[in-house]
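2 protein chains.
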Amino acid sequence: MSTAVKAGDELREAIDADDLIAASHILSDIAPQEIASLFEQMESYPRAVAYRLLTKDRALDVFEHMDTAAQSELITLLREDEVTSVFDSLDPDDRVELLDELPAKVAKQLVRELSPQERDVTAVILGYPRGSVGRRMSPEFVHVFPDDTLTRALERVRVRGMESETIYTVPVIGTSRGLEGVISLKDLFLMPSDDLVADHMASPIFAFADDDAESAARRCVDRHVLALPIVDHEERLLGLLTIDDATRIVEAARDEDAARAGAMEPLRRPYLLTPVLHLARSRIVWLLVLGISAILTVNVLQIFEATLEQLTALALFIPLLTGIGGNTGSQAATTVTRALAVDEAQPKDVGKVALKEVRTGLLLGIVLGAVGWLVATPVFGNGIGVVISLTLISICTIAATVGGTMPLLAKAIRVDPAVFSTPFISTFCDATGLIVYFMIARAVLSI
Amino acid sequence: MSTAVKAGDELREAIDADDLIAASHILSDIAPQEIASLFEQMESYPRAVAYRLLTKDRALDVFEHMDTAAQSELITLLREDEVTSVFDSLDPDDRVELLDELPAKVAKQLVRELSPQERDVTAVILGYPRGSVGRRMSPEFVHVFPDDTLTRALERVRVRGMESETIYTVPVIGTSRGLEGVISLKDLFLMPSDDLVADHMASPIFAFADDDAESAARRCVDRHVLALPIVDHEERLLGLLTIDDATRIVEAARDEDAARAGAMEPLRRPYLLTPVLHLARSRIVWLLVLGISAILTVNVLQIFEATLEQLTALALFIPLLTGIGGNTGSQAATTVTRALAVDEAQPKDVGKVALKEVRTGLLLGIVLGAVGWLVATPVFGNGIGVVISLTLISICTIAATVGGTMPLLAKAIRVDPAVFSTPFISTFCDATGLIVYFMIARAVLSI
Numbered sequence: 031m032s033t034a035v036k037a038g039d040e041l042r043e044a045i046d047a048d049d050l051i052a053a054s055h056i057l058s059d060i061a062p063q064e065i066a067s068l069f070e071q072m073e074s075y076p077r078a079v080a081y082r083l084l085t086k087d088r089a090l091d092v093f094e095h096m097d098t099a100a101q102s103e104l105i106t107l108l109r110e111d112e113v114t115s116v117f118d119s120l121d122p123d124d125r126v127e128l129l130d131e132l133p134a135k136v137a138k139q140l141v142r143e144l145s146p147q148e149r150d151v152t153a154v155i156l157g158y159p160r161g162s163v164g165r166r167m168s169p170e171f172v173h174v175f176p177d178d179t180l181t182r183a184l185e186r187v188r189v190r191g192m193e194s195e196t197i198y199t200v201p202v203i204g205t206s207r208g209l210e211g212v213i214s215l216k217d218l219f220l221m222p223s224d225d226l227v228a229d230h231m232a233s234p235i236f237a238f239a240d241d242d243a244e245s246a247a248r249r250c251v252d253r254h255v256l257a258l259p260i261v262d263h264e265e266r267l268l269g270l271l272t273i274d275d276a277t278r279i280v281e282a283a284r285d286e287d288a289a290r291a292g293a294m295e296p297l298r299r300p301y302l303l304t305p306v307l308h309l310a311r312s313r314i315v316w317l318l319v320l321g322i323s324a325i326l327t328v329n330v331l332q333i334f335e336a337t338l339e340q341l342t343a344l345a346l347f348i349p350l351l352t353g354i355g356g357n358t359g360s361q362a363a364t365t366v367t368r369a370l371a372v373d374e375a376q377p378k379d380v381g382k383v384a385l386k387e388v389r390t391g392l393l394l395g396i397v398l399g400a401v402g403w404l405v406a407t408p409v410f411g412n413g414i415g416v417v418i419s420l421t422l423i424s425i426c427t428i429a430a431t432v433g434g435t436m437p438l439l440a441k442a443i444r445v446d447p448a449v450f451s452t453p454f455i456s457t458f459c460d461a462t463g464l465i466v467y468f469m470i471a472r473a474v475l476s477i
Numbered sequence: 031m032s033t034a035v036k037a038g039d040e041l042r043e044a045i046d047a048d049d050l051i052a053a054s055h056i057l058s059d060i061a062p063q064e065i066a067s068l069f070e071q072m073e074s075y076p077r078a079v080a081y082r083l084l085t086k087d088r089a090l091d092v093f094e095h096m097d098t099a100a101q102s103e104l105i106t107l108l109r110e111d112e113v114t115s116v117f118d119s120l121d122p123d124d125r126v127e128l129l130d131e132l133p134a135k136v137a138k139q140l141v142r143e144l145s146p147q148e149r150d151v152t153a154v155i156l157g158y159p160r161g162s163v164g165r166r167m168s169p170e171f172v173h174v175f176p177d178d179t180l181t182r183a184l185e186r187v188r189v190r191g192m193e194s195e196t197i198y199t200v201p202v203i204g205t206s207r208g209l210e211g212v213i214s215l216k217d218l219f220l221m222p223s224d225d226l227v228a229d230h231m232a233s234p235i236f237a238f239a240d241d242d243a244e245s246a247a248r249r250c251v252d253r254h255v256l257a258l259p260i261v262d263h264e265e266r267l268l269g270l271l272t273i274d275d276a277t278r279i280v281e282a283a284r285d286e287d288a289a290r291a292g293a294m295e296p297l298r299r300p301y302l303l304t305p306v307l308h309l310a311r312s313r314i315v316w317l318l319v320l321g322i323s324a325i326l327t328v329n330v331l332q333i334f335e336a337t338l339e340q341l342t343a344l345a346l347f348i349p350l351l352t353g354i355g356g357n358t359g360s361q362a363a364t365t366v367t368r369a370l371a372v373d374e375a376q377p378k379d380v381g382k383v384a385l386k387e388v389r390t391g392l393l394l395g396i397v398l399g400a401v402g403w404l405v406a407t408p409v410f411g412n413g414i415g416v417v418i419s420l421t422l423i424s425i426c427t428i429a430a431t432v433g434g435t436m437p438l439l440a441k442a443i444r445v446d447p448a449v450f451s452t453p454f455i456s457t458f459c460d461a462t463g464l465i466v467y468f469m470i471a472r473a474v475l476s477i
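So the protein lines, in turn, are chains A and B.
Okay, so the first sequence: first residue is 31 according to the numbering used here, each after it adds one.
Okay, so the second sequence: first residue is 31 according to the numbering used here, each after it adds one.
You may find that some hints are simply not true.
The list cannot tell twin chains apart, which means a pair is met if one copy fits it or any two copies do.
[As the list claims (entries may be wrong)] When the alpha-carbon atoms are kept at most 25 Å apart in a straight line, the in silico SDA-like pairs for lysine to any residue are as follows: (1) K86 x V113; (2) K382 x T114; (3) K36 x P76; (4) K216 x G38; (5) K138 x T114; (6) K216 x S194.
Calculated directly from the structure, the hints in this document are not laboratory data.
Quick caveat, the model's predicted, so the values are computed rather than measured.
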């Protein structure tokens with residue numbers, strides 16, 4: 031990694047100094063994937079300069095390996111013929127992803143300049159709803175038939191494989207394009223014989239084209255297949271989702287979840303290259319929403335203002351109690367959000383989850399309550415000690431239960447569970463926790 | 031997915047009813063990967079029963095597809111000869127992962143029962159430190175030479191490929207086992223000719239065996255290669271990390287990060303199958319650590335107790351202000367932790383990050399401060415409005431800066447940056463925020 035970083039620094043210096051010969055020399059020593067990685071970290075202008083220094087074949091290779099955001103920035107800085115040549119050579123699924131990213135006007139023009147056959151393939155993919163796996167699959171595959179011999183099937187892959195994005199997973203197709211199985215190139219290649227494909231193929235793991243891209247991709251990744259066949263509702267084969275595209279989709283979904291759990295929108299570019307204004311924009315909406323909902327806590331405290339005036343010491347524990355409530359809630363929310371993402375739990379499990387979290391929260395509350403009583407009593411007296419202890423027990427039970435069930439409810443009403451996780455739950459637990467705290471304090475201390 | 035869920039329910043019912051013929055019938059209709067997925071969701075005992083109903087070949091296939099936790103549970107319930115046969119047939123890297131998981135006594139016995147050749151391969155992998163990619167690579171690969179013709183290289187892969195975990199990425203090895211390049215089976219297979227391998231191979235992206243498994247795996251995934259060559263410090267080839275193993279490593283690392291960001295330890299089993307006591311254990315340590323550090327906020331408030339007694343209204347805003355500070359801090363921490371994980375930032379960028387976050391935090395603070403003044407002034411008067419507004423500006427600036435730089439400092443001192451993210455930063459920002467709040471209040475309101 032450190033050699034790549036060094037090459038990146040040298041490249042930038044060479045371009046800053048307009049020393050294009052040195053720059054081109056540096057580029058010729060690096061693998062295309064590494065160059066793509068360097069380019070993703072560079073500013074738009076030096077990147078476009080460096081890109082023009084690559085030979086045509088390498089340039090295409092590098093382009094394919096860059097992420098979509100960097101691709102779309104680069105495209106706007108290239109000459110028209112350069113753009114067409116790059117775009118023409120992309121795999122159809124990568125092309126669709128890039129089209130989704132580009133301004134509509136640029137996108138339209140690019141599709142117009144494709145060869146009619148290429149345009150057809152793109153159109154097939156574009157027929158599926160945004161976010162569906164149909165958009166991300168490759169419609170170019172080579173298939174074999176169940177009554178082929180293994181030798182004939184292997185020959186078929188050899189002849190037709192050139193057009194296919196992957197040849198390592200070979201779908202087996204029966205009458206009227208129905209998917210009947212898959213066979214790996216490894217099996218075909220290592221033991222060609224007169225056995226029939228039907229006797230050696232495996233039953234396929236597949237997804238429907240209008241399935242959510244994220245869940246199809248997770249299926250591909252979790253089940254360790256190199257390509258997932260994508261079918262229509264009559265189980266006719268439409269394309270393949272390859273593992274590298276699947277991994278990319280899963281990673282993007284996890285980035286989005288992590289950003290939401292951190293109360294913001296995901297960034298589209300590398301952090302260090304994102305301008306301050308963009309950073310602020312990705313965060314401000316959530317802060318405002320959370321800030322406004324936090325006004326609830328001000329209202330709750332206003333109700334108990336008289337109690338506070340009588341015993342100011344109660345105010346000392348507010349951040350401690352709301353902090354613990356927030357942490358307990360976000361622990362439960364994080365666990366359940368993940369279980370939902372990997373299909374380990376469904377909204378219908380809400381009863382089981384609630385029962386589990388009530389018990390977990392109660393257990394945590396009892397432990398923390400005991401510690402709280404031991405710590406608070408010597409300094410603030412037994413009255414306050416008991417209040418803190420009872421409040422911790424209640425807050426932990428409520429926070430764990432709410433934190434655990436909210437993501438399931440969000441999923442049931444088709445809202446991204448990650449949106450409902452940590453930050454919202456913290457705010458909710460803050461307000462509820464304060465009410466519980468002051469009610470317990472009034473009852474125990476008779477104020 | 032719903033058919034798989036249905037099959038799972040049917041299977042459990044059949045086993046509960048001791049109807050093993052029905053169970054075996056259900057199992058024969060499902061792909062091994064799907065069965066593995068079902069098994070991961072089942073309790074230990076019915077899983078062991080169901081496992082014995084599989085034919086030997088399918089049983090091995092299913093075992094390989096299960097996660098390590100489920101494998102290690104199953105192993106303890108099988109007869110000795112069953113265990114040995116399963117273990118013998120695992121790929122060496124999967125075997126090492128399982129050995130890491132098993133109780134030391136069971137693990138030792140298993141290694142003793144391996145064939146000498148198998149034991150050698152396992153030992154090679156076990157020679158690398160825990161957490162290194164050497165532990166996770168497959169040492170069984172087929173290689174070709176730069177001066178082979180493509181036709182001869184293809185033949186070599188055909189003859190020797192059986193022993194190799196993957197044959198789709200073929201490493202090219204020069205004198206004294208030095209890695210010189212890689213060539214894909216697709217290239218070899220689709221255009222065999224008398225051209226030399228040296229003229230068609232690509233320069234390799236590789237990792238060193240003692241590199242951290244996570245960063246090597248991320249390299250494989252980010253660069254979209256199906257297998258990453260692993261070399262020693264003389265760049266001699268030792269093995270390959272395949273993309274499915276790489277994806278598994280990256281996913282596990284992300285689960286760990288997500289759990290840490292939610293203030294707990296990651297779970298080893300599916301959520302719904304994790305007992306309440308394990309759930310509580312994965313959470314309690316963090317809650318105690320955070321709770322004890324939150325005592326700091328009680329101490330801070332004690333210092334300002336006199337101010338609070340004079341103006342109880344100040345207490346009303348405590349949860350609001352600490353909540354916004356916590357959210358701003360965790361936004362910055364989440365962004366920078368992710369940038370570190372994907373190598374978009376290094377600890378040496380701490381200056382750049384700090385500058386970026388000071389400006390972002392200030393910008394966010396000004397917007398929120400303005401909103402805060404508008405909302406607070408009509409109800410609580412201009413004095414309190416100004417205090418809230420100035421506090422928000424300061425808290426947001428401090429929280430963003432601390433939240434952004436803490437993960438870099440953690441990484442610099444070799445602590446997992448995720449550990450330092452959201453929860454700790456919240457607690458720190460709470461205490462600092464309260465000090466700032468009361469100091470501004472005293473100055474502005476002259477109390």
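Going down the list of hints, with the structure as the test:
Proximity of K86 to V113 under the C-alpha cut-off of 25 Å is restricted to the intra-copy arrangement: shortest distance 12 Å within a copy versus 55 Å between copies. Taking identical chains as interchangeable, the C-alpha atoms of K382 and T114 are never at most 25 Å apart, the minima being 55 Å within one chain and 37 Å between chains. Taking the closest pair of Cα atoms, K36 and P76 come within 25 Å of each other only inside a single copy of the chain (16 Å); across copies the shortest separation is 56 Å, beyond that limit. Taking identical chains as interchangeable, the C-alpha atoms of K216 and G38 are never at most 25 Å apart, the minima being 38 Å within one chain and 31 Å between chains.
In this assembly of identical chains, the alpha carbons of K138 and T114 lie at most 25 Å apart only when taken from the same copy (12 Å versus 61 Å across copies). Proximity of K216 to S194 under the C-alpha cut-off of 25 Å is found in both arrangements, the shortest distances being 16 Å within a copy and 10 Å between copies.
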